[in-house]
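Here is what each chain is made of, one letter per residue.
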Amino acid sequence: MRSPRSLLRAILLSLIVFAAACDGPLRGIVMEDPEPAAPMVLTDASGARFDLAASRGSVVLIYFGYTHCPDVCPTTLGDWARAKRALGDEASRVRFVFVSVDPQRDTPAVAQAYAWQFDSSFVGLTGSEAELESLKKAWHIAAYAEGDPRTRDYAVAHPAHTYVVDREGRLRVLYEPGVRGEELAEDIRKLL
Amino acid sequence: MNPECVVKSWPRTFASCCSLIAVLIGVAACGAAASDTPQAREAADPTLFATSAWARAADSAGSTAVYFVIENRDTVADTVRGASSEIAESAGLHVSTQHSGMMHMTSVPALPLPANDSVSFRPLGAHVMLLGLRRALFADDTVVVLLSFGSGRTLEVRAGVRAP
Numbered sequence: 001m002r003s004p005r006s007l008l009r010a011i012l013l014s015l016i017v018f019a020a021a022c023d024g025p026l027r028g029i030v031m032e033d034p035e036p037a038a039p040m041v042l043t044d045a046s047g048a049r050f051d052l053a054a055s056r057g058s059v060v061l062i063y064f065g066y067t068h069c070p071d072v073c074p075t076t077l078g079d080w081a082r083a084k085r086a087l088g089d090e091a092s093r094v095r096f097v098f099v100s101v102d103p104q105r106d107t108p109a110v111a112q113a114y115a116w117q118f119d120s121s122f123v124g125l126t127g128s129e130a131e132l133e134s135l136k137k138a139w140h141i142a143a144y145a146e147g148d149p150r151t152r153d154y155a156v157a158h159p160a161h162t163y164v165v166d167r168e169g170r171l172r173v174l175y176e177p178g179v180r181g182e183e184l185a186e187d188i189r190k191l192l
Numbered sequence: 193m194n195p196e197c198v199v200k201s202w203p204r205t206f207a208s209c210c211s212l213i214a215v216l217i218g219v220a221a222c223g224a225a226a227s228d229t230p231q232a233r234e235a236a237d238p239t240l241f242a243t244s245a246w247a248r249a250a251d252s253a254g255s256t257a258v259y260f261v262i263e264n265r266d267t268v269a270d271t272v273r274g275a276s277s278e279i280a281e282s283a284g285l286h287v288s289t290q291h292s293g294m295m296h297m298t299s300v301p302a303l304p305l306p307a308n309d310s311v312s313f314r315p316l317g318a319h320v321m322l323l324g325l326r327r328a329l330f331a332d333d334t335v336v337v338l339l340s341f342g343s344g345r346t347l348e349v350r351a352g353v354r355a356p
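First to last, the sequence lines map onto chains A and B. Count the first sequence with the numbering used here and you get residues 1 to 192, in order. Count the second sequence with the numbering used here and you get residues 193 to 356, in order.
Careful, some of the hints might be misleading.
[Said to hold, decoys possible] Ranges between beta-carbon positions, derived for each pair: (1) B/Val268 with A/Lys190: 40 to 46 Å; (2) A/Gly57 with B/Ala307: 57 to 63 Å; (3) B/Arg326 with A/Ala54: 39 to 45 Å; (4) B/Asp237 with A/Glu32: 30 to 36 Å; (5) B/Ala307 with A/Tyr144: 38 to 44 Å; (6) B/Glu281 with A/Arg85: 31 to 37 Å; (7) A/Ala113 with B/Met294: 22 to 28 Å.
[To be verified] Now the stretches of chain B that chain A is said to cover, found in silico as 3 or more residues with beta-carbon under 8 Å: (8) 287–295; (9) 308–321.
[Claimed, not checked] Examples of chain B residues toward chain A, derived with CB under 8 Å: (10) Ala245; (11) Ser255; (12) Thr256; (13) Arg327; (14) Pro356.
Derived by calculation from the structure, the hints in this document are not laboratory data. We treat Cβ as the ideally placed atom computed from N, Cα and C, and that holds for glycine.
Work out the full structure, taking the sequences as your base and the hints as a guide.
Below, the structure written as structure tokens:
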């Protein structure tokens, strides 16, 4: 049987490991001098205005994709859903926003329905071609059709990363696709 | 031979021929049905296997990806050359790639399958893309995909559907 001293040592070691995990560096591409995130104002499926600036105080995860994307977009949103579950009650201070950059096939309603497949709290948005062009310019991102856009099944090249905006509204970190939901949750906790 | 006898026996001969043809058609049909089962395919080609197959749930008329691991136990290399599925208007081999911070998805004509080795079709990599789904796919459904290979072999893959 373990002595009280060795038990205490084990508990202390666990606490040190836990503290190290809490204070460790964020995974992903961390901005050295985070700057305010670019504006994002779009109209959601209900006709209400979505303004990223109004999410100040919450951590916001943003992914630019498209609903006909069968691989990386659902993989990413699936990882978000796992992160949200891992966050438990803390997820109430996190917003998950999917922005379709395929205005030809996606409407705000289609983007919202797509996001809801993963979690009913996820936000799905898109905009007109003009709105998305402004958004892409402001966020320094690209998105364009690959293949013949006159066909139904063209692909869209889009940013790979999840963009994370911190509670102060600063673009803080980018995550590669494929980051595990639990790891993402661990990092989000550090930003809350 | 008595012509009358030939005429009289014709209906019986005709009936016998019809019975034989019916039996032959039946046997052929049974054979075709048996060859459509995964067991029959495995029995026909014990060097090709698909494991860990799954597909993501999706809405009707939408698209989804199918993932699996193909094992080639043959001593000869092969190529995966195509895919088809009755559940989709079209199916194809696609590869997701990341360049300079951008995600791209490309249709590829074939993917190499080395001898005595396996190839993984997995998220963010190679996958079978199903376009124009004829019905919505829900968790616990099964999607059947027929893979074709450069060698002429085929393999039926049964993929369980997972929630997105």
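Going through the hints against the structure:
1. B/Val268 with A/Lys190: 40 to 46 Å: Roughly 52 Å apart at Cβ, these two residues miss the hinted range, so it is violated.
2. A/Gly57 with B/Ala307: 57 to 63 Å: The hinted range 57 to 63 Å holds for A/Gly57 and B/Ala307, with Cβ atoms some 58 Å apart.
3. B/Arg326 with A/Ala54: 39 to 45 Å: holds, 41 Å
4. B/Asp237 with A/Glu32: 30 to 36 Å: Check failed, 56 Å falls outside 30 to 36 Å.
5. B/Ala307 with A/Tyr144: 38 to 44 Å: With Cβ atoms ~40 Å apart, the hint holds.
6. B/Glu281 with A/Arg85: 31 to 37 Å: holds, 34 Å
7. A/Ala113 with B/Met294: 22 to 28 Å: For A/Ala113 and B/Met294 the Cβ distance comes to about 26 Å; the hint holds.
8. 287–295: Result for this restraint: holds, n = 5.
9. 308–321: Coverage by chain A holds for the segment 308–321 of chain B (4 residues, Cβ < 8 Å).
10. Ala245: Check failed: Cβ of B/Ala245 comes no nearer than 15 Å to chain A, outside 8 Å.
11. Ser255: Where the cut-off is 8 Å and the nearest Cβ of chain A is about 5 Å from B/Ser255, the hint holds.
12. Thr256: holds, 5 Å
13. Arg327: violated, 16 Å
14. Pro356: holds, 5 Å
When each numbered hint is compared with the structure, violations occur for hints 1, 4, 10, 13.
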